[in-house]
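Colleague: Here's the letter readout for the chains.
Number of protein chains: 2
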Amino acid sequence: MHLFKPFNTICDLKTGVLSPPGNHIVRYLADMKEMFHDREAAETMLKENPKVYEFYNVVIPEEDGHLQHCTSIIYPGKVGKEYFMTKGHFHAVAGTAEIYVCLAGKGLLLMQTEDGQAEVLEMYPGSISYIPPYWAHRTINTGDEPLVFFGVYRGDAGHNYGTIEKQGFSKLVLEEDGQPCIIDNPRYNPRGGD
Amino acid sequence: MHLFKPFNTICDLKTGVLSPPGNHIVRYLADMKEMFHDREAAETMLKENPKVYEFYNVVIPEEDGHLQHCTSIIYPGKVGKEYFMTKGHFHAVAGTAEIYVCLAGKGLLLMQTEDGQAEVLEMYPGSISYIPPYWAHRTINTGDEPLVFFGVYRGDAGHNYGTIEKQGFSKLVLEEDGQPCIIDNPRYNPRGGD
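Protein chains in written order, with the numbering used here: chain H, 116 to 309; chain G, 116 to 309.
Derived from the structure by calculation, the hints contain no laboratory data. Just so you know, these numbers come straight off a predicted model, no measurement behind them. It is possible that part of the hints are untrue.
Identical copies carry no separate label here, and so any pair may be met within one copy or between two of them.
Derived pair list, reagent style PhoX-like, types lysine-lysine, alpha-carbon separation capped at 25 Å [stated by the list, open to error]:
hint: 1; residue 1: 129; residue 2: 221
hint: 2; residue 1: 286; residue 2: 120
hint: 3; residue 1: 120; residue 2: 221
hint: 4; residue 1: 202; residue 2: 120
hint: 5; residue 1: 129; residue 2: 148
hint: 6; residue 1: 166; residue 2: 196
hint: 7; residue 1: 193; residue 2: 286
hint: 8; residue 1: 281; residue 2: 193
hint: 9; residue 1: 221; residue 2: 162
hint: 10; residue 1: 166; residue 2: 120
hint: 11; residue 1: 120; residue 2: 193
hint: 12; residue 1: 196; residue 2: 129
Let the sequences and hints guide you as you build the complete structure.
Modeller: Here it is as structure tokens:
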């Protein structure tokens, strides 16, 4: 039996920056422009290609007795009326949960099952959101400052981005009259990729 | 397949109090007096029977696709020279990890394997401690205010308190000249209960 040694990672609880950073991934608009509803607005913004979000993933074995953990930082901003958000994904091992602890900012957590059920939870400092097995998850920054949260999931859970890339989420979160508004996504295609 | 619904729990990030509280467990000195080294001091303090720690456990199915999560609050105090601490345990499914995110206060995280290896990590706001599979874990408040942390572990991990109750930890954390000092535990019995 290989015995893995305990260790600390230090998190700035205001900014979410991890030290050491582990796997640090930055997503710019160019990395996910097809995911926003207003493609004309996305195309125009590509000249500046803003940073939409980033995350820091502690390096942990991809085994089911371990726990992956990371911080995510979603920047404030919009593409047209649609708030900056993550790509969103199912887990590759779909029957595994995830937990988000919000540290700063405010936003929404949009979730969806393979058969099209949708759920939304609010995120704000101190909200602990439980994403049960089989729910895809996307986070959306509806505020004016970075949305920062800590996430934990099973070591072997992995990521399945493809299903969401093909099908989209069934809901969009747009700003209407200065407030977040959840509407049906006219481009949602539950049979996408079949 | 039973689909479990997403939900939020609200955490006071300063005090660790959860709302709703879930399973709320309080440990008084009388619940763990044999765990402190100075039994005479423990006996004397039993008249007041102080609260040593408490935790709030969100109610989650005990299945391996789920994630248990909780907050723990260790109060400041000492029994003789030994700081207030948790009982400490292995997981019943020993090969499962745990993560602690410290929110407030300061302390030490003492860990030990079945074959007697010991490790210690510091806890302070923003420290994220990774307790890998097969390590028993105990937290110790070495400060003057409550030590508060958020914990996550696999849904089916469970608790094995018995091994530590019989064997003890190989190390004690005592205050010497106002500083925490880690010493060998003369009562450690690695064959305890055999």
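Colleague: Against the earlier hints, flag every one the structure doesn't satisfy and list their numbers going up.
Modeller: Going through the list in order, the structure violates hints 5, 9, 10, 11, 12 and respects the others.
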